[in-house]
Amino acid sequence: MPLFCLKRNGKSKCGIMDNKYIISDYSIIGKGVVKTDRERFEFPYEDDDGKFFKNIYKRLEIDYPKFYKMDRLSKLAFLTAEYLLKDKNLPEKYAPDEVAMIFSNSNSSLDTDIKHNNSILRKDKYFPKPAVFVYTLPNILMGEISIRHIIRGENTFFITEKFDTVFFADYVINLLNKTKHKACLLGRADYMEGEFESVLFLIEQSNNAPKERLMTGDNLMRLLD
Amino acid sequence: MEDLIKKLKEEILEVLNLEDMDIEDIETEAPLFNEGLGLDSIDALELIVLMEREYGIKIDDPKKGKDIFYSVKTMADFITENQ
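Protein sequences, first through last, are from chains A and B.
Under this note's numbering, think of the first position of the first sequence as 1, with each following residue one higher.
Under this note's numbering, think of the first position of the second sequence as 1, with each following residue one higher.
To be clear, the hints were calculated from the coordinates, so they are not data collected in a lab.
Being a predicted model, the structure only gives us computed values, none of them experimental.
From the three backbone atoms N, C-alpha and C, an ideal C-beta is built for every residue, glycine too.
There's no promise every hint is true.
Claimed, not checked - Derived contacts from chain A toward chain B, CB cut-off under 8 Å, selection only:
#, residue
1, G50
2, F53
3, K54
4, K66
5, Y68
6, K69
7, K129
8, P130
9, A131
10, V134
11, G143
12, I147
Unchecked claim - Straight line, CA to CA, 25 Å or less: simulated DSS-like cross-link-like pairs of lysine-lysine:
#, chain 1, residue 1, chain 2, residue 2
13, A, K51, B, K7
14, B, K58, A, K129
15, A, K129, B, K63
Stated by the list, open to error - Derived CB-CB ranges, DEER-like:
#, chain 1, residue 1, chain 2, residue 2, range
16, B, G56, A, P65, 27 to 33 Å
17, A, E212, B, K6, 54 to 60 Å
18, B, T80, A, D164, 55 to 61 Å
19, B, T80, A, I120, 53 to 59 Å
20, B, L4, A, E92, 46 to 52 Å
21, A, T160, B, M1, 37 to 43 Å
22, B, M1, A, D37, 47 to 53 Å
23, A, T160, B, K66, 42 to 48 Å
24, A, G143, B, T80, 36 to 42 Å
25, A, R40, B, G56, 52 to 58 Å
26, B, E19, A, D225, 46 to 52 Å
27, A, D48, B, G36, 23 to 29 Å
Make the full structure from the sequences, and use the hints.
So, in structure tokens, the structure goes:
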């Protein structure tokens, strides 16, 4: 059972967090594969992640032209969210401000930052592109998911070297226990020069869940394997 | 006209950073904004700059933009008429 500690006026108060939350579903996108709790799709991957993302998008059979305008990091997170949430009808289940979103990665938006930097390096060819620099923040990907799935709860993006599942499990449980949020999307999406990984978990309340789906760092880690 | 339309599609992909699209994905007469390619006001700025930089055409009246940038076809027609 995870512990929590709160510091107020120099005094610490610690206790055991009430964990009634489960990992109700998840989706993962890696090179050549999309995986959810129920499905697994293989997609040909031949060192062209643009084509790979496009094939995944087409397989979803959705009409969302804005997808093509996103940078690679946002595309990756957007697609991971699509596979996770496509049959969930989240807006019918929760009010927009009852769903929180917590994301992290290790490269921030560096891939797009470099692209933007290259467009303004030369004074004689100084053409900053709004279509590029609008994506020079990693949390833009949460904006794309929020717009698509009508999510308006708290959102936070962490830059961490590794996906510390114990930290994030505690963080999400605390968030759900202490605020009005009833569900949380916990994600990790990273893209850098053709290397990428993405995973998204849906955390919800349940009084009747198998032990292996309780929201704990170990269970998150196990699903990643 | 066909050459100009093909060139315009390539330029649109380039300036709007639609790197995972091909020119075959852009329908010549389909609306560029909202539906179709789903472009927005930021993209409109890019297209205005494109017109000026590549074709030497300055759009003085912003009200005309809606008609000029309706589709690749209307852009090509406008360039042909004004060059």
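Evaluation of the provided hints:
Given the 8 Å rule on beta carbons, the hint for G50(A) holds: about 4 Å separates it from the nearest Cβ of chain B. Look at F53(A): its Cβ gets to within about 6 Å of chain B, closer than 8 Å, so that hint holds up. A hinted interface residue such as K54(A) counts as satisfied when its beta carbon comes closer than 8 Å to some beta carbon of chain B; here the least separation is about 5 Å, so the hint holds. Taken as an interface hint, K66(A) checks out: its beta carbon lies about 5 Å from the nearest beta carbon of chain B, inside 8 Å.
Evaluation of the Y68(A) hint against chain B yields a held restraint, the C-beta minimum of about 5 Å falling below 8 Å. Against a cut-off of 8 Å between C-beta atoms, the interface hint on K69(A) holds, since the closest Cβ of chain B lies about 6 Å away. Hint on K129(A) holds. Least Cβ distance to chain B is approximately 6 Å, under the 8 Å limit. Because the smallest distance between the Cβ of P130(A) and any Cβ of chain B comes to about 4 Å, under 8 Å, the interface hint for this residue holds.
Proximity of A131(A) to chain B holds as hinted, the smallest CB-CB distance being about 4 Å (cut-off 8 Å). A least Cβ separation of about 7 Å between V134(A) and chain B falls short of the 8 Å threshold, and the interface hint therefore holds. Interface restraint check: G143(A) against chain B, minimum CB-CB distance 13 Å, threshold 8 Å, status violated. Because the smallest distance between the Cβ of I147(A) and any Cβ of chain B comes to about 12 Å, over 8 Å, the interface hint for this residue is violated.
For a cut-off of 25 Å, the pair hint linking K51(A) to K7(B) stands: about 22 Å separates their Cα positions. The suggested pairing of K58(B) with K129(A) holds, with an alpha-carbon distance near 19 Å, which does not exceed 25 Å. Restraint check: the Cα-Cα separation between K129(A) and K63(B) comes to about 23 Å, which is no more than 25 Å; the hinted pair holds. Against the hinted window of 27 to 33 Å, the Cβ-Cβ separation of G56(B) and P65(A) comes to about 30 Å, which satisfies the hint.
At about 56 Å, the beta-carbon gap between E212(A) and K6(B) stays in the expected band of 54 to 60 Å. The hint said 55 to 61 Å for the Cβ distance between T80(B) and D164(A), and at roughly 59 Å that hint holds. The beta-carbon spacing between T80(B) and I120(A), approximately 33 Å, falls outside the hinted interval of 53 to 59 Å. The hint said 46 to 52 Å for the Cβ distance between L4(B) and E92(A), and at roughly 48 Å that hint holds.
Taken as a hint, the range 37 to 43 Å is violated for the pair T160(A) and M1(B), whose Cβ atoms sit roughly 54 Å apart. Look at M1(B) against D37(A): about 52 Å separates their beta carbons, and that is inside 47 to 53 Å. For T160(A) and K66(B), the Cβ-Cβ distance of about 46 Å falls inside the hinted range of 42 to 48 Å, so the restraint holds. At about 39 Å, the beta-carbon gap between G143(A) and T80(B) stays in the expected band of 36 to 42 Å.
Restraint check, R40(A) to G56(B): a C-beta distance of roughly 54 Å satisfies the suggested window 52 to 58 Å. Under the hint 46 to 52 Å, the C-beta atoms of E19(B) and D225(A), about 33 Å apart, miss the expected range. Against the hinted window of 23 to 29 Å, the Cβ-Cβ separation of D48(A) and G36(B) comes to about 25 Å, which satisfies the hint.
The structure fails hints 11, 12, 19, 21, 26 (numbered hints given earlier, in ascending order).
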